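Enquirer: Residue numbers (the UniProt record's numbering), protein chains in the order written: chain A, 1 to 94; chain B, 1 to 271.
Hints in this document: simulated from the structure, not taken from any laboratory. For clarity, every value in this text was computed on a predicted model and none was experimentally measured. Careful, some of the hints might be misleading.
[What the hints assert, rightly or not] Examples of chain B residues lying across from chain A (beta carbon under 8 angstroms, computed):
hint, residue
1, R79
2, V149
3, R150
4, D153
5, A186
6, G189
7, M191
8, L192
9, D196
10, I200
11, S202
[What the hints assert, rightly or not] Residues of chain B clear of chain A, computed beta-carbon distances all greater than 10 angstroms:
hint, residue
12, G42
13, G51
14, N62
15, Q65
16, K94
17, E108
18, R154
19, Y171
20, R188
21, E248
Ideal Cβ placement from N, Cα and C applies to all residues, glycine included.
Listed here are the chains, written in short residue letters.
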Amino acid sequence: MTIFNFFKPQRSAPVARDRLQILLQHERVSAGASDLIGVLREEILAVIARHVDIPKDNVQVKMQRGDAVSTLEVEIELPNPIRRRQTDTKTAAA
Amino acid sequence: MSQVLVVTSGKGGVGKTTSTAAIGAALAMNGNKVAVVDFDVGLRNLDLVMGAERRVVYDLINVVQGEAKLQQALIRDKRLDTLFLLPASQTRDKDALTSEGVARVMDELREHFDWIVCDSPAGIERGAMLAMRHADVAVVVTNPEVSSVRDSDRIIGMLDAKTAKAERGEYMEKHLLLTRYDAARAERGQMLKVDDVLEILSIPLLGIIPESEAVLNASNVGCPVTLVDGDSAPAKAYIDAARRLEGEEIPMVVPMERRGLMSKLFGRRAA
Chain A
1 MTIFNFFKPQ RSAPVARDRL QILLQHERVS AGASDLIGVL REEILAVIAR HVDIPKDNVQ
61 VKMQRGDAVS TLEVEIELPN PIRRRQTDTK TAAA
Chain B
1 MSQVLVVTSG KGGVGKTTST AAIGAALAMN GNKVAVVDFD VGLRNLDLVM GAERRVVYDL
61 INVVQGEAKL QQALIRDKRL DTLFLLPASQ TRDKDALTSE GVARVMDELR EHFDWIVCDS
121 PAGIERGAML AMRHADVAVV VTNPEVSSVR DSDRIIGMLD AKTAKAERGE YMEKHLLLTR
181 YDAARAERGQ MLKVDDVLEI LSIPLLGIIP ESEAVLNASN VGCPVTLVDG DSAPAKAYID
241 AARRLEGEEI PMVVPMERRG LMSKLFGRRA A
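Given only the sequences and the hints, what does the whole structure look like? Please build it.
Expert: Shown next, in the form of structure tokens:
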């Protein structure tokens with residue numbers, strides 16, 4: 001250690017803060033993720049099913065975590081021909 | 001109305017037991033009837049920090065199992081007659097703490113005390129979960145250090161999900177108690193600052209306890225730091241924290257330990 005190092009202490013706290021912020025963002029998402037995906041899947045399915053007849057397992061919800069942004073991928077297969085639900089038009093007419 | 005307070009952290013060695021004793025004593029000094037309850041079955045230490053280690057006859061597990069009455073197990077503090085300790089068992093298995101049994105004891109404590117301060121064991125296992133289970137308010141003890149902050153974040157998540165209050169859909173009140181803080185080192189960029197920790201954990205600040213010799217001195221003699229010398233920097237910080245818990249608005253100060261020039265130049269501190 002030189003005399004210059006002695007007078008210039010290492011500023012390690014900003015590194016600690018940045019590491020924690022990145023780590024905890026990821027941990028918070030993964031802690032709630034299993035639950036979140038399930039909830040999203042059910043609710044998306046419910047909205048689609050109100051308008052279109054779809055089998056229950058035709059909705060796929062995936063979450064991909066990236067450094068800057070995370071993406072939510074929703075894939076819904078609609079069997080051909082697309083069958084509109086009749087209930088909507090009935091309630092609209094009533 | 002009685003309040004159940006859990007002192008928790010996730011990480012061990014950050015000052016849960018010290019803080020439980022200090023806050024419990026400070027609340028009792030303000031005229032409250034206070035019970036401090038040790039949930040650390042098998043590794044009890046609150047009795048030692050409170051200086052009551054030779055007076056333990058019955059413990060929390062005896063009461064939970066119905067082998068002793070609550071009044072038999074409670075130890076009245078020799079210095080403050082409104083402060084009581086319910087010690088943990090040192091020999092029994094922690095599985096003897098049943099969820100229903102703990103609920104019953106907490107209900108009984110609520111009938112007799114203004115404040116019930118629960119000292120949580122470290123970790124996120126059964127003991128820690130039972131300690132926070134019936135709390136109305138939580139104090140999350142954190143050191144300005146990466147592993148402690150990470151574990152506190154985890155515990156905050158559990159307070160919001162696993163407590164009886166959270167399960168009823170109510171908001172769980174949480175406060176941050178930053179311990180072993182060294183303002184000078186934080187200023188030099190060598191330690192996380194108060195604002196850094198607050199920004200990361202985003203819960204309100206209850207107090208900043210400075211790193212101080214007074215804390216070790218207090219546990220050496222078996223007396224809550226707030227009772228040894230009310231004028232020491234950590235004692236003042238704990239007394240203010242206790243008053244904030246009671247709803248008082250007290251301006252937050254970053255405590256500085258006064259050190260003489262000689263001790264600055266030659267003094268060494270334990271890590």
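Enquirer: Each hint: holds or not?
Expert: Taking the hints in turn, this is what the structure says about them:
1. Restraint check, R79/B versus chain A: the minimum CB separation of about 39 angstroms is more than 8 angstroms; hint violated.
2. A cut of 8 angstroms between beta carbons decides the hint on V149/B: the least distance to chain A is about 6 angstroms, and the hint holds.
3. Residue-level restraint check for R150/B holds (minimum Cβ-Cβ distance to chain A is 7 angstroms; threshold 8 angstroms).
4. Using the Cβ-Cβ criterion of 8 angstroms, the hint placing D153/B at the interface with chain A is satisfied: the shortest such distance is roughly 5 angstroms.
5. For the restraint placing A186/B at the interface with chain A, the shortest Cβ-Cβ distance is roughly 7 angstroms, inside the 8 angstroms limit, so the hint holds.
6. For G189/B, the interface hint holds, since its Cβ comes within 8 angstroms of a Cβ in chain A; the closest pair sits about 3 angstroms apart.
7. At its closest, the beta carbon of M191/B sits 6 angstroms from a beta carbon of chain A; the interface hint therefore holds under the 8 angstroms criterion.
8. With a cut of 8 angstroms, the hint placing L192/B at the interface with chain A holds, because the nearest CB-to-CB distance is about 5 angstroms.
9. A cut of 8 angstroms between beta carbons decides the hint on D196/B: the least distance to chain A is about 5 angstroms, and the hint holds.
10. At its closest, the beta carbon of I200/B sits 5 angstroms from a beta carbon of chain A; the interface hint therefore holds under the 8 angstroms criterion.
11. With its C-beta approaching chain A no nearer than about 10 angstroms, S202/B sits outside the 8 angstroms limit, and its interface hint is violated.
12. With a least CB separation of 28 angstroms from chain A, G42/B remains clear of the 10 angstroms interface cut-off, as annotated.
13. Residue placement check: G51/B keeps its beta carbon more than 10 angstroms from all beta carbons of chain A (closest about 36 angstroms).
14. N62/B, annotated as away from the interface, keeps every beta carbon of chain A farther than 10 angstroms; the closest lies near 36 angstroms.
15. Look at Q65/B: its CB is around 34 angstroms from the nearest CB on chain A, clear of 10 angstroms, so calling it non-interface holds up.
16. Even its closest Cβ contact with chain A, about 25 angstroms, leaves K94/B beyond 10 angstroms, as expected for a residue assigned away from the interface.
17. Look at E108/B: its CB is around 34 angstroms from the nearest CB on chain A, clear of 10 angstroms, so calling it non-interface holds up.
18. With a minimum CB-CB distance of about 7 angstroms to chain A, R154/B fails to clear the 10 angstroms threshold, and the non-interface call is violated.
19. Residue placement check: Y171/B keeps its beta carbon more than 10 angstroms from all beta carbons of chain A (closest about 17 angstroms).
20. Its closest Cβ contact with chain A, about 5 angstroms, brings R188/B to no more than 10 angstroms, contrary to its assignment away from the interface.
21. With a closest Cβ-Cβ approach of about 31 angstroms to chain A, E248/B is found to remain outside the 10 angstroms limit, as its non-interface label requires.
Violated hints for the displayed structure, listed by number in ascending order: 1, 11, 18, 20.
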